[in-house]
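Visitor: Heads up: the protein sequence lines correspond to chains A and B, in order.
The opening position of the first sequence corresponds to residue 5 in this note's numbering, with each subsequent residue numbered one higher.
The opening position of the second sequence corresponds to residue 204 in this note's numbering, with each subsequent residue numbered one higher.
None of these hints come from the bench; they were simulated from the model.
C-beta atoms are modelled at their ideal positions from N, C-alpha and C, and glycine is treated no differently.
Heads up, a few of these hints could be off.
Residues on chain B that point at chain A, a partial pick, calculated with CB under 8 angstroms [said to hold, decoys possible]:
hint : residue
1    : 227
2    : 242
3    : 325
4    : 351
5    : 352
6    : 396
7    : 398
8    : 399
9    : 426
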Amino acid sequence: MYGALWRVLPGPWWVRVLILLLLAAATLYALVTWVFPWVDTIVNVQEATVEE
Amino acid sequence: MTSDALRPRRRPRRGVSIIGVFGELLITAGLLVVLFLGWQVWWNDIVVGGQQATAAQELTEQWGPIEPAPSPDPSSEPQDYGDPVVSAVAAEHSGFATIYVPRFGADWQRVVGEGVDMSEVLNDTTLGVGHYEGTQMPGEVGNFAVAAHRQTHGGSFNQINQLAIGDPIYVATADGYYTYRYRSTEYVLPSGVGVLDPVPQVDNAQAGDRIITLTACNPLFSTAERIVAYGVMESWQPRSAGPPAEIAHFFSGAA
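This is chain B alone, in the form it adopts within the complex (with noise of 0.2 angstroms):
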C-alpha cells in the first residue's frame, strides 16, 4: 500500500444544492418535532410535576402549623368526629384544598383549585387539579368533582387507570381530612357531564352519599373519551386531630 491510498480520495465538489438544503430542512423540522413531543409528554411533566408537589406542600404550610399525628393506639375504636365541616366555596381560580392518592405514588400531592379552566388551573404550575365549579365542596353530600390532565402539564392522573378497590384517596383543606375510597371507574364520551351529579349519572337524585369524582382523558395520547374515577367518603377528622398516618409524612416537615 502506498501511502496515497490511504489519502482520502478527492471527491467532485459538491455546491449547495437546494434540494440538499432543503432535505436538511426536512430533518431539522422532524427532529424539533420528536423534540417537543419528547418534551411534552415526558420532560414537562416531571418538570411541571414538581411544581405542582411543591405548590401542595406550601399551601399546607399557609394553613397553619399542623398537629402531630396522634400516636397510634390499637386499643382504641377510630373516633368519630360527626358530620364534616364543609369548606366555604372558594374564589376562582384559587387553591383551597391538597388531593393525596398513594396509588399515584407515596409523594404524589396535588393543589385543587377552583373550577377547571385550562390555561388557569389545569396547566397552571402550582394548581394541576380543578374542581368544577358547582360541584359539591370536600365532605359535602353529594359530589366533589375534579378534573386533572392525565398527560402534559403534570400529568396529574397519569395512573388514574391503575386505581384498584379500596385505595385510599386523601383530601385535606384547612378544616381537616377528609378520607375516600375509591370504588369504580366509568368510561364516557366527553359530553358526559352526568358523571358530575350529586348521585353521579342518575337525574335529580337525593343525594345521599359523599362521593369524589375524578376525571381525565382517555386513552392515551387521546382526548376521544374521558375516564371517570368514583370513590366514597370514609370518613374525617378535624385539623386539630392530625392528618391520617398514611399522609402524616406531608406533613411533618411543617411543624
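Here chain A stands alone, though its shape is the one from the complex (with noise of 0.2 angstroms):
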C-alpha cells in the first residue's frame, strides 16, 4: 500500500519525500479540524457530574 504510494510518486527521492510530508501534513489537519471533534461526539465517555 505505502510501498506502491512510494512508486507511484514522481521525480528523486526528495521530491518524494517533501510530497509525502505534504499529504501527512494535510491528514493530520483534516483529522484534527474535522474527524477528531466528529469521533469525540461519538465516544464521548468523560463524565464530570453527578446525578441519580
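Fit chain to chain and form the complex, with the hints in mind.
Guide: Structure representation (C-alpha cells):
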C-alpha cells in the first residue's frame, strides 16, 4: 500500500519525501479539524457530574 | 570490492499482497487511535482551555467598566459589605459568572454556565464549568455546586486534586466578587447526589453556611468515581469595591 504510493510518486527521492510530508501534514490537519471532533461526539465517555 | 558489491542486491519483486495491505491498514488504524487520544487528552485541552479562558475574559468585560482595585491600606480593617448580593438564576446554558482558582494556575479562569448539560455547557468552548440547576447561586446560603471536566474539553478541573486547605476560590458575577476557601475533598460514586444538598451529604438540614462544591471525574482516565471539593465562603465585595487583589490582574486590561 505505502510501497505502491512511493512507486507512484514522481521525481527523485527528496521530492517524494517532500510530497509525503505535505500529504501527512494535510491529513493531520483534516483529522484534527474535522474527524477527531466528530469522533469525540460519538465516543464521549468523560462524565464529570453526579446524578441519580 | 567491486562496484557490483556496492549495488543493492536485487530482491525478488513482491507484488502487493492482501496480507501486506491488511497489515498496513492495521498499523494505520493503530496510529490513528494513538493520535486521537493524544488530541483528546492533551492537544485539544490546550486549545479549548485557551478558548474558555478567553471567553471568561470577554464575559467580565461585558459587565461594564471595572472599578480600579483600591490600593492596599495595611492600617484599615477588611471592609464588611454586609450580606452578599445574590444574582437571579441565569437562563439555561448561559454564562453568568466567572471562576478563578489560583491553585489551577495564575491565569486560570473559566465561565460558569447554567446547567451541567454535557454538550451545551461542559463541552462548550465558551463555558466549560456548569452550575447544577436547583443548587444555590454564588453568595447564597446553601450550596453553589458546579461541575467541569477533569480531562478533555478544556480539562477545567484537571488539578482539582491539588487543592490545599485554605486555597482561595474566587467567583465573580455582574454583582460582585465572592471569595471561598477550599476546605475538604470527598470521593463519591457517580450517583452521589448528596454532595449537592444545601448542607452537603445531610438530608433536609437547615443551611447556615455558604458552600461551594466542585465536582469532576476520578480517577484520571476513568469515570468510575467523582472527586468533590468543598469550600466555604469567606467574604464578598460588591463590584464597586473592585476585585480582590489576587485576581485583580484578570480585570486590569478591561478598564
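Visitor: Return the status of the interface hint for residue 242 of chain B: holds when the least beta-carbon distance to chain A is below 8 angstroms, violated otherwise.
Guide: Because about 5 angstroms separates residue 242 of chain B from the closest Cβ in chain A, which is inside the 8 angstroms limit, the hint holds.
Visitor: Have a go at the residue 351 of chain B hint: is there a Cβ in chain A nearer than 8 angstroms to its own Cβ?
Guide: holds, 6 angstroms
Visitor: Double-check residue 426 of chain B for me: the hint is only fine if its C-beta lies closer than 8 angstroms to a C-beta in chain A.
Guide: Because about 5 angstroms separates residue 426 of chain B from the closest Cβ in chain A, which is inside the 8 angstroms limit, the hint holds.
Visitor: Identify whether the interface hint at residue 399 of chain B stands, where standing means a beta carbon of chain A within less than 8 angstroms of its own.
Guide: holds, 7 angstroms
Visitor: Holds or violated: the hint that residue 325 of chain B contacts chain A, with Cβ atoms closer than 8 angstroms.
Guide: holds, 6 angstroms
Visitor: Take the shortest C-beta to C-beta distance between residue 398 of chain B and chain A; is it under 8 angstroms?
Guide: Because about 6 angstroms separates residue 398 of chain B from the closest Cβ in chain A, which is inside the 8 angstroms limit, the hint holds.
Visitor: Does the interface hint hold: is residue 352 of chain B within less than 8 angstroms of chain A, judged Cβ to Cβ?
Guide: Given a least distance of 5 angstroms, the restraint on residue 352 of chain B holds.
Visitor: Holds or violated: is there a CB of chain A closer than 8 angstroms to the CB of residue 227 of chain B?
Guide: holds, 4 angstroms
Visitor: Hint validation: residue 396 of chain B versus chain A, beta carbon distance must be below 8 angstroms. Holds or violated?
Guide: The hint holds - residue 396 of chain B has a Cβ within 8 angstroms of chain A, the shortest such distance being about 5 angstroms.
Of the numbered hints stated above, none is contradicted by the structure.
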